[in-house]
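Student: In case you want the letters, here they are:
There are 2 protein chains.
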Amino acid sequence: MIGEIQLPEIEELIASRNWRALKTTLAEWQPHDVADLLEILNPRDRVILFRLLPKAMATEVFERMEGEAQRELLEAFSDAEAAPILEEMSPDDRTDLLEELPHRVTRRALRLLSPEQRKIAQSLLAYPHDSVGRLMTPDFAKVKKHWLCGQAIKHLRSLALNKETIYYLYVVDDENHLIGVISLRNLVLADPESPLWDVAEDDPISVSAVSDQEEAVKILRRYDLQALPVVDSANHLLGIVTFDDIMDVQAEETTEDMQIMAAIVPTEKPYFETSFSEIFAKRAIWLIILGIAGIFSASVIRFYHSSLPSDLIVGLAFFIPLLMGTGGNAGSQVAALMIRSLATGEIIPKDFLQLAKRELLMGIVLGICLALVGFLIAWIVNRDPLIGITLGLAMVLTIATANFVGLSLPLLFKAVGLDPAFMSGPILTTITDVLGLIIYFNMTHLILRI
Amino acid sequence: MIGEIQLPEIEELIASRNWRALKTTLAEWQPHDVADLLEILNPRDRVILFRLLPKAMATEVFERMEGEAQRELLEAFSDAEAAPILEEMSPDDRTDLLEELPHRVTRRALRLLSPEQRKIAQSLLAYPHDSVGRLMTPDFAKVKKHWLCGQAIKHLRSLALNKETIYYLYVVDDENHLIGVISLRNLVLADPESPLWDVAEDDPISVSAVSDQEEAVKILRRYDLQALPVVDSANHLLGIVTFDDIMDVQAEETTEDMQIMAAIVPTEKPYFETSFSEIFAKRAIWLIILGIAGIFSASVIRFYHSSLPSDLIVGLAFFIPLLMGTGGNAGSQVAALMIRSLATGEIIPKDFLQLAKRELLMGIVLGICLALVGFLIAWIVNRDPLIGITLGLAMVLTIATANFVGLSLPLLFKAVGLDPAFMSGPILTTITDVLGLIIYFNMTHLILRI
Numbered sequence: 002m003i004g005e006i007q008l009p010e011i012e013e014l015i016a017s018r019n020w021r022a023l024k025t026t027l028a029e030w031q032p033h034d035v036a037d038l039l040e041i042l043n044p045r046d047r048v049i050l051f052r053l054l055p056k057a058m059a060t061e062v063f064e065r066m067e068g069e070a071q072r073e074l075l076e077a078f079s080d081a082e083a084a085p086i087l088e089e090m091s092p093d094d095r096t097d098l099l100e101e102l103p104h105r106v107t108r109r110a111l112r113l114l115s116p117e118q119r120k121i122a123q124s125l126l127a128y129p130h131d132s133v134g135r136l137m138t139p140d141f142a143k144v145k146k147h148w149l150c151g152q153a154i155k156h157l158r159s160l161a162l163n164k165e166t167i168y169y170l171y172v173v174d175d176e177n178h179l180i181g182v183i184s185l186r187n188l189v190l191a192d193p194e195s196p197l198w199d200v201a202e203d204d205p206i207s208v209s210a211v212s213d214q215e216e217a218v219k220i221l222r223r224y225d226l227q228a229l230p231v232v233d234s235a236n237h238l239l240g241i242v243t244f245d246d247i248m249d250v251q252a253e254e255t256t257e258d259m260q261i262m263a264a265i266v267p268t269e270k271p272y273f274e275t276s277f278s279e280i281f282a283k284r285a286i287w288l289i290i291l292g293i294a295g296i297f298s299a300s301v302i303r304f305y306h307s308s309l310p311s312d313l314i315v316g317l318a319f320f321i322p323l324l325m326g327t328g329g330n331a332g333s334q335v336a337a338l339m340i341r342s343l344a345t346g347e348i349i350p351k352d353f354l355q356l357a358k359r360e361l362l363m364g365i366v367l368g369i370c371l372a373l374v375g376f377l378i379a380w381i382v383n384r385d386p387l388i389g390i391t392l393g394l395a396m397v398l399t400i401a402t403a404n405f406v407g408l409s410l411p412l413l414f415k416a417v418g419l420d421p422a423f424m425s426g427p428i429l430t431t432i433t434d435v436l437g438l439i440i441y442f443n444m445t446h447l448i449l450r451i
Numbered sequence: 002m003i004g005e006i007q008l009p010e011i012e013e014l015i016a017s018r019n020w021r022a023l024k025t026t027l028a029e030w031q032p033h034d035v036a037d038l039l040e041i042l043n044p045r046d047r048v049i050l051f052r053l054l055p056k057a058m059a060t061e062v063f064e065r066m067e068g069e070a071q072r073e074l075l076e077a078f079s080d081a082e083a084a085p086i087l088e089e090m091s092p093d094d095r096t097d098l099l100e101e102l103p104h105r106v107t108r109r110a111l112r113l114l115s116p117e118q119r120k121i122a123q124s125l126l127a128y129p130h131d132s133v134g135r136l137m138t139p140d141f142a143k144v145k146k147h148w149l150c151g152q153a154i155k156h157l158r159s160l161a162l163n164k165e166t167i168y169y170l171y172v173v174d175d176e177n178h179l180i181g182v183i184s185l186r187n188l189v190l191a192d193p194e195s196p197l198w199d200v201a202e203d204d205p206i207s208v209s210a211v212s213d214q215e216e217a218v219k220i221l222r223r224y225d226l227q228a229l230p231v232v233d234s235a236n237h238l239l240g241i242v243t244f245d246d247i248m249d250v251q252a253e254e255t256t257e258d259m260q261i262m263a264a265i266v267p268t269e270k271p272y273f274e275t276s277f278s279e280i281f282a283k284r285a286i287w288l289i290i291l292g293i294a295g296i297f298s299a300s301v302i303r304f305y306h307s308s309l310p311s312d313l314i315v316g317l318a319f320f321i322p323l324l325m326g327t328g329g330n331a332g333s334q335v336a337a338l339m340i341r342s343l344a345t346g347e348i349i350p351k352d353f354l355q356l357a358k359r360e361l362l363m364g365i366v367l368g369i370c371l372a373l374v375g376f377l378i379a380w381i382v383n384r385d386p387l388i389g390i391t392l393g394l395a396m397v398l399t400i401a402t403a404n405f406v407g408l409s410l411p412l413l414f415k416a417v418g419l420d421p422a423f424m425s426g427p428i429l430t431t432i433t434d435v436l437g438l439i440i441y442f443n444m445t446h447l448i449l450r451i
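Top line first, the protein sequences correspond to chains G and W.
Counting along the first sequence from 1, when you hit position 263 you're at 264 in the working numbering, and nothing is skipped either side.
Counting along the second sequence from 1, when you hit position 89 you're at 90 in the working numbering, and nothing is skipped either side.
Don't read these hints as lab results, they were simulated from the structure.
Treat the numbers as computed from the prediction; the structure is a model and nothing was measured.
Any given hint could turn out to be false.
[Stated by the list, open to error] Distance condition first, Cα-Cα at most 30 Å in a straight line; then the derived DSSO-like pairs of lysine-lysine: (1) G:Lys-56 - W:Lys-219; (2) W:Lys-283 - G:Lys-351; (3) W:Lys-146 - G:Lys-56.
Isolated chain G, as found in the complex:
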């Protein structure tokens, strides 16, 4: 979102080493935009420009940068420069950074923190990867049940928390159990003299620190909350997760699903931040697995060809791509529908029977349409009605089968706790290919009485 106009002008200021002008310009920008600018600069200029930022802005800009740029800056910083930034970062963003850094750098970063902040950072890093704990921040407002609304507002003023963490106040008892929540709105609209508990909501919606981040996404979206309190198994209040982090998780989950659906080992890093060799590895492994799986389709053809006259094989070979392609397409369609509906929580594996009934019928009806197309094509390509009929019938069975497989495998994977996205796109297609070929050749034997 850096104005097309601003960028060249900025580069000119950098080229002409006009630091004073840069300083005043950047001070007026949004932290996000400064972060974007710094990311596209070379490391040397990046450090120089970062040092020009007003103290108040520096940490926020740093928080908003991608891990790669953060690491480079951190390594260029003196301890004296790095310490205050790490100290002021909001703990959730800091966890994000620390878990990405090389161990050496992480250790240095932890050493630079105040004992208090170090304790926080270490406790957050202790939560499993992709758990809610990794997302949460311990910066939030706790209040006591017996307070007055006015007291709570005074308390807020005394805390001066950063912006994201103040839209709810959480009511805890003396053992720090979460017993209620108050929205800032209700607090502001209430009479300062009225008891806090009158505007509070009891047994608030919360999420466990060890549950999967997707869980937090579902709850927060479901109840349209700005923040979600995080508790331990005994309902002690540990922290909160905020909607902005949740939106990022939602986007990451989507990227991951799409990569898995395309048979890529998922990576959380943006495309340009992922090294050539890394992307190569994440793609090659699946291509090779699927390639080797290709042996099956080859051997299916080999197995049947011995039993069929080779001119017939040739006649049939024309339509192998068409048949396999269509089977794969139909399977991918239903798999995509299932995977997405599972992701949004609209369907659960329990719905299998209901889905199977519907999608089997769907497969047959689609199959019949495509059978006609297949017959037509066979007729056009070589005027042999028998091969046309063979292809047509094979088409019905193949699509019905592919549809059923594309429905079952994602549900099965979900049911056993694996990512349903695996059973889609290329991986699914490789399976439907083999099934399609087997059906095709058996049809031939059946129809052509061979």
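Fit chain W to the known structure of chain G by using the hints.
Tutor: Just chain W now, with coordinates in the frame of chain G:
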């Protein structure tokens, strides 16, 4: 999120027509949960239970239900029942409902509204589908530059807006131009006697009412805002869009992308709400188009087979699935990477050259790996090194080509303003299939000197 335990018990209460017990139970639930319950009930019970809800809760529950259930309820309601609910609905949710309803029902609904609310509803419906205007609500707090903070809080109390629309106050001049924004947080933390403008931020980030909803998603996510002011071309403040609607849009966009990537005409409705015939149509059209496109691959084989001895064709046929499969997989991988990076705005069509350099190299390196796999398989299946070499070389070229095509087409589509998601999965595969076959057979002529 309806407790597994609660549901049967609720059904029992319904079966035993124990309305009093139901009334007290439901009154304690979260509106979202009640909405979910009503959705799974049959229309008759749904109406009965809805009538049991406390007045204060009814509208919120109604807002949270899916369009289908809302329509059925609305049609069952008397004017006297429907009117207050439609009147109290937050205008953005109401637009969502009205645009889905059959015209007849929409007209009735508009008639039931107060002149004031009708004017609002009609003005919102006037915005193009998928525009920010369709998402926005005109319920928000406007303040004047010269006020004191205390005044603004009093003003808020007098408005008593619904929860989603109060976390920012917007400063307008006498011509209703948007000139500043104040977060509720800063307002609360500020001294009531201090001038409002001291805690305000000038030239706030805003979005145009006619721009695409994806635009609002990008801005709101980028700046971590809870709400975004919506303006017209002359910067007059029209309304706001809130983060909860934005998260829904984000989820819808994802679903749409995944459906298009799987060659399904996208639908915004959840799977179970979409009728059999509708899903059939949305899938059949692409399967047929792609099936007919299959003619090409069939005719490629036909074209070359005439020039090749048929036993050789048979030998080659073994590996057609493997070659086409791998080409399609490689293409789908890179296409998925491009489509997602385009969606998140990480790459733009301008990056083409940079991407092409990287992905062509990637294609060649991947191709070489898979060539070895291919040669190996050819060797295992029929001990003919020549066919193995042919397949291997064809593999390198096919994967490099597929990789390049999978990179170029999404970028091209984006550049000309089409949805890049089209150029992926099945559609892309159909293209790479034909290319793969042509390469394969030409290789044969080259290597086997035929």
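Student: If a hint holds in the structure, say so; if it does not, say that too.
Tutor: These are the hints, each one checked on the structure:
1. G:Lys-56 - W:Lys-219: Roughly 27 Å separates the two Cα atoms, so the pair holds.
2. W:Lys-283 - G:Lys-351: The hint holds at about 25 Å.
3. W:Lys-146 - G:Lys-56: At roughly 28 Å apart (the allowed maximum being 30 Å), G:Lys-56 and W:Lys-146 satisfy the hint.
The structure meets every hint from the earlier list without exception.
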